[in-house]
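Engineer: The lines below spell out each chain.
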Amino acid sequence: MSLSVRLSHAFEGASLDLAFEAPPGLTALFGASGAGKTSVVRAVAGLLRPDAGRITLEGTVLFDSDARRNLPPHRRRIGYVFQEPRLFPHLSVRGNLIYGRRFAPRGTDDFDRIVTLLGLSALLSRRPGALSGGEQQRVAIGRALLARPRILLADEPLSALDAARKEEILPWLERLRDEAGLPILYVSHSVQEVARLATTVIELEAGRIARFGPAVEVFSDPAFAPSGSREAGALILARICRHHADGLTELDAGGATLYLPELPQPVGTELRLRLPASDVILSRHRPEGLSALNIVAGKVISIREGHGPGALVAVETRAGQILARLTRRSVTALELAEGTDCHAILKTLSIAPGNVGSG
Amino acid sequence: MDWLGPEEMEALRLSLRVAFWAMLASLPPGLLCAYALARWRFPGRQLLNLLVHLPLVLPPVVTGYLLLITLGRRAPIGAFLDRFGVTFAFHWTGAALAAAIMGFPLLVRAIRLSLEAVDPKLEEAAATLGAPPVWRFLTVTLPLILPGLLAGAVLSFAKAMGEFGATITFVSNIPGETRTLPSAIYAFLQVPGGEASALRLVALSVAIALAALVLSEVLAQRIARRVGGG
Numbered sequence: 001m002s003l004s005v006r007l008s009h010a011f012e013g014a015s016l017d018l019a020f021e022a023p024p025g026l027t028a029l030f031g032a033s034g035a036g037k038t039s040v041v042r043a044v045a046g047l048l049r050p051d052a053g054r055i056t057l058e059g060t061v062l063f064d065s066d067a068r069r070n071l072p073p074h075r076r077r078i079g080y081v082f083q084e085p086r087l088f089p090h091l092s093v094r095g096n097l098i099y100g101r102r103f104a105p106r107g108t109d110d111f112d113r114i115v116t117l118l119g120l121s122a123l124l125s126r127r128p129g130a131l132s133g134g135e136q137q138r139v140a141i142g143r144a145l146l147a148r149p150r151i152l153l154a155d156e157p158l159s160a161l162d163a164a165r166k167e168e169i170l171p172w173l174e175r176l177r178d179e180a181g182l183p184i185l186y187v188s189h190s191v192q193e194v195a196r197l198a199t200t201v202i203e204l205e206a207g208r209i210a211r212f213g214p215a216v217e218v219f220s221d222p223a224f225a226p227s228g229s230r231e232a233g234a235l236i237l238a239r240i241c242r243h244h245a246d247g248l249t250e251l252d253a254g255g256a257t258l259y260l261p262e263l264p265q266p267v268g269t270e271l272r273l274r275l276p277a278s279d280v281i282l283s284r285h286r287p288e289g290l291s292a293l294n295i296v297a298g299k300v301i302s303i304r305e306g307h308g309p310g311a312l313v314a315v316e317t318r319a320g321q322i323l324a325r326l327t328r329r330s331v332t333a334l335e336l337a338e339g340t341d342c343h344a345i346l347k348t349l350s351i352a353p354g355n356v357g358s359g
Numbered sequence: 360m361d362w363l364g365p366e367e368m369e370a371l372r373l374s375l376r377v378a379f380w381a382m383l384a385s386l387p388p389g390l391l392c393a394y395a396l397a398r399w400r401f402p403g404r405q406l407l408n409l410l411v412h413l414p415l416v417l418p419p420v421v422t423g424y425l426l427l428i429t430l431g432r433r434a435p436i437g438a439f440l441d442r443f444g445v446t447f448a449f450h451w452t453g454a455a456l457a458a459a460i461m462g463f464p465l466l467v468r469a470i471r472l473s474l475e476a477v478d479p480k481l482e483e484a485a486a487t488l489g490a491p492p493v494w495r496f497l498t499v500t501l502p503l504i505l506p507g508l509l510a511g512a513v514l515s516f517a518k519a520m521g522e523f524g525a526t527i528t529f530v531s532n533i534p535g536e537t538r539t540l541p542s543a544i545y546a547f548l549q550v551p552g553g554e555a556s557a558l559r560l561v562a563l564s565v566a567i568a569l570a571a572l573v574l575s576e577v578l579a580q581r582i583a584r585r586v587g588g589g
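Just so you know, the sequences run in chain order A and B. For what it's worth, our numbering labels the leading residue of the first sequence as 1, then goes sequentially. For what it's worth, our numbering labels the leading residue of the second sequence as 360, then goes sequentially.
Misleading hints may appear alongside valid ones.
[To be verified] Ranges of calculated distance between the beta carbons of each label pair, as one might list FRET restraints:
{"id": "1", "chain 1": "B", "residue 1": "Phe379", "chain 2": "A", "residue 2": "Asp66", "range": "54 to 64 Å"}
{"id": "2", "chain 1": "A", "residue 1": "Pro261", "chain 2": "B", "residue 2": "Leu472", "range": "55 to 65 Å"}
{"id": "3", "chain 1": "A", "residue 1": "Gly13", "chain 2": "B", "residue 2": "Leu407", "range": "28 to 38 Å"}
{"id": "4", "chain 1": "B", "residue 1": "Leu375", "chain 2": "A", "residue 2": "Leu71", "range": "44 to 54 Å"}
{"id": "5", "chain 1": "A", "residue 1": "Ala122", "chain 2": "B", "residue 2": "Gln580", "range": "21 to 31 Å"}
{"id": "6", "chain 1": "A", "residue 1": "Leu71", "chain 2": "B", "residue 2": "Leu407", "range": "28 to 38 Å"}
{"id": "7", "chain 1": "A", "residue 1": "Ser132", "chain 2": "B", "residue 2": "Leu440", "range": "51 to 61 Å"}
{"id": "8", "chain 1": "A", "residue 1": "Asp162", "chain 2": "B", "residue 2": "Gln580", "range": "31 to 41 Å"}
{"id": "9", "chain 1": "B", "residue 1": "Leu375", "chain 2": "A", "residue 2": "Thr108", "range": "48 to 58 Å"}
{"id": "10", "chain 1": "A", "residue 1": "Leu71", "chain 2": "B", "residue 2": "Gln580", "range": "35 to 45 Å"}
{"id": "11", "chain 1": "B", "residue 1": "Pro387", "chain 2": "A", "residue 2": "Ala122", "range": "41 to 51 Å"}
[Unchecked claim] Coverage of chain B stretches by chain A, computed from C-beta distances (three or more under 8 Å per stretch; other residues unrestricted):
{"id": "12", "stretch": "481-488"}
{"id": "13", "stretch": "498-505"}
Honestly, the hints are just simulated from the structure, not real lab data. Every residue gets a Cβ at the ideal spot worked out from N, C-alpha and C, and that includes glycine.
Build out the structure end to end from the sequences listed, making use of the hints.
Structural biologist: Set out below in structure tokens:
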């Protein structure tokens with residue numbers, strides 16, 4: 001386990017009390033604002049001193065209230081990407097990037113690699129004030145990485161950016177997670193970001209852990225309905241098999257075949273797809289004469305009724321667990337119950353590009 | 360500068376020396392006080408704030424007299440320091456000390472204002488990048504407060520050039536030792552026929568003050584451009 005956190009802290013009118021161990025990959029701290037996500041990250045960075053607890057990173061004790069140990073932030077070797085870029089205005093992009101190098105342990109020079117990875121070559125001599133928001137945030141990520149941290153902390157690094165800038169940075173974050181092998185603790189309240197990036201999801205509620213588990217499991221759990229069930233949607237993993245001439249890409253998801261509008265990734269790429277529950281239709285019999293291309297057979301494993309007219313139905317399929325949002329009336333009409341065989345119909349075009357991430 | 364008489368020249372040279380050392384010596388403690396007041400919360404912070412500002416509101420004569428009874432040759436602290444060869448009373452160093460104390464509030468205020476404008480979040484970011492506190496200050500905070508630091512230094516220098524009340528009370532008006540420009544102007548006005556000399560020194564004082572202001576303005580703009588990016 002790379003990062004292990006146990007802490008309790010009392011704020012004015014709020015408190016934090018939690019413990020978790022983050023497995024390798026990207027661990028998303030998810031929850032409403034005020035749930036304590038940022039405080040957890042600040043405590044790991046040493047910018048907040050918890051009342052009690054213990055935080056260890058790769059065997060190093062960063063904080064231990066019993067042993068009265070509290071490593072100052074500059075000796076923790078963490079990389080921190082803040083919500084706002086926090087670039088040094090009096091230094092060039094290059095000056096910002098190499099700021100932490102003086103304190104990093106010696107090793108192979110990865111300046112060029114990270115500059116290329118984040119697409120910063122053309123910006124090196126510019127001042128932060130002359131960069132766009134997306135460029136600034138990329139520099140901030142590069143600056144944190146070049147300090148050779150043992151973990152990357154990111155506190156809503158995309159929340160200040162518009163959709164286009166987000167789409168510009170998300171692939172870089174995916175590459176970091178997959179190629180750099182660096183554990184990442186990522187704070188977000190965006191379902192889409194978490195669905196796309198997280199290996200592990202920790203849901204916080206009022207300073208306590210409400211849910212913890214691998215992203216695919218957490219997202220296919222009907223009880224996990226972030227900010228209202230309208231945003232519910234399962235994650236499935238798929239691999240690109242073929243690009244067809246008619247503009248469709250054929251994917252294999254655990255033996256089930258799916259078609260998506262042409263994807264830019266090469267054949268063989270592992271992808272994760274988020275299937276919004278409201279875009280999934282259920283049928284008792286295999287439908288015929290239907291325009292939708294993606295039909296997967298499965299078995300109902302749970303039905304969760306909300307307060308309104310809707311219900312969230314979890315279906316176990318070869319592609320993984322899928323969530324479908326139906327009306328309670330449909331559930332009754334179809335006589336759906338736990339164990340019922342059914343077919344899930346996914347509209348090809350309903351999987352938005354923003355919901356496609358690298359595996 | 361042959362339009363200046365030897366006595367006038369002496370006063371000018373002495374004033375420049377006194378003001379230069381007053382400014383230079385008050386910079387480190389001024390920076391420390393400004394930093395403490397802007398960034399730290401500690402018991403006695405209000406008291407420190409009060410002490411720093413005291414010379415601004417006290418009559419200069421009172422400040423000079425307080426210096427005389429603490430640092431004078433027969434005063435306890437003064438006599439003690441005298442044994443180590445540190446003399447303030449009736450010495451140009453005393454004039455520099457008096458000038459430094461009178462300019463201190465201006466220096467601290469200018470630095471403190473610019474410190475408060477620097478986002479502590481930048482120092483936090485530097486800390487997460489591995490920079491220890493002193494390095495954070497030198498590479499992030501200091502460059503960003505440079506315009507304020509400069510403005511404070513110029514103010515302190517200008518104040519030292521013009522300081523009169525505390526100086527004359529503490530170290531008297533000894534030609535060549537403690538007779539700075541204002542003291543010289545005062546002395547020339549006390550003797551018949553001294554008006555011409557006094558006027559020349561007045562013109563000189565105005566010129567130096569204006570030059571200092573223009574210099575600080577130009578430097579501050581240049582630094583602001585560099586820091587502000589673009």
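Engineer: Indicate, hint by hint, whether the structure satisfies it.
Structural biologist: Right, here's what the structure says about each hint:
no., hint, result
1, B:Phe379 - A:Asp66: 54 to 64 Å, "holds (56 Å)"
2, A:Pro261 - B:Leu472: 55 to 65 Å, "holds (58 Å)"
3, A:Gly13 - B:Leu407: 28 to 38 Å, "holds (33 Å)"
4, B:Leu375 - A:Leu71: 44 to 54 Å, "holds (50 Å)"
5, A:Ala122 - B:Gln580: 21 to 31 Å, "holds (30 Å)"
6, A:Leu71 - B:Leu407: 28 to 38 Å, "holds (31 Å)"
7, A:Ser132 - B:Leu440: 51 to 61 Å, "holds (60 Å)"
8, A:Asp162 - B:Gln580: 31 to 41 Å, "holds (34 Å)"
9, B:Leu375 - A:Thr108: 48 to 58 Å, "holds (55 Å)"
10, A:Leu71 - B:Gln580: 35 to 45 Å, "holds (42 Å)"
11, B:Pro387 - A:Ala122: 41 to 51 Å, "holds (42 Å)"
12, 481-488, "holds (count 7)"
13, 498-505, "holds (count 4)"
Hint check: no violations occur; every hint is consistent with the structure.
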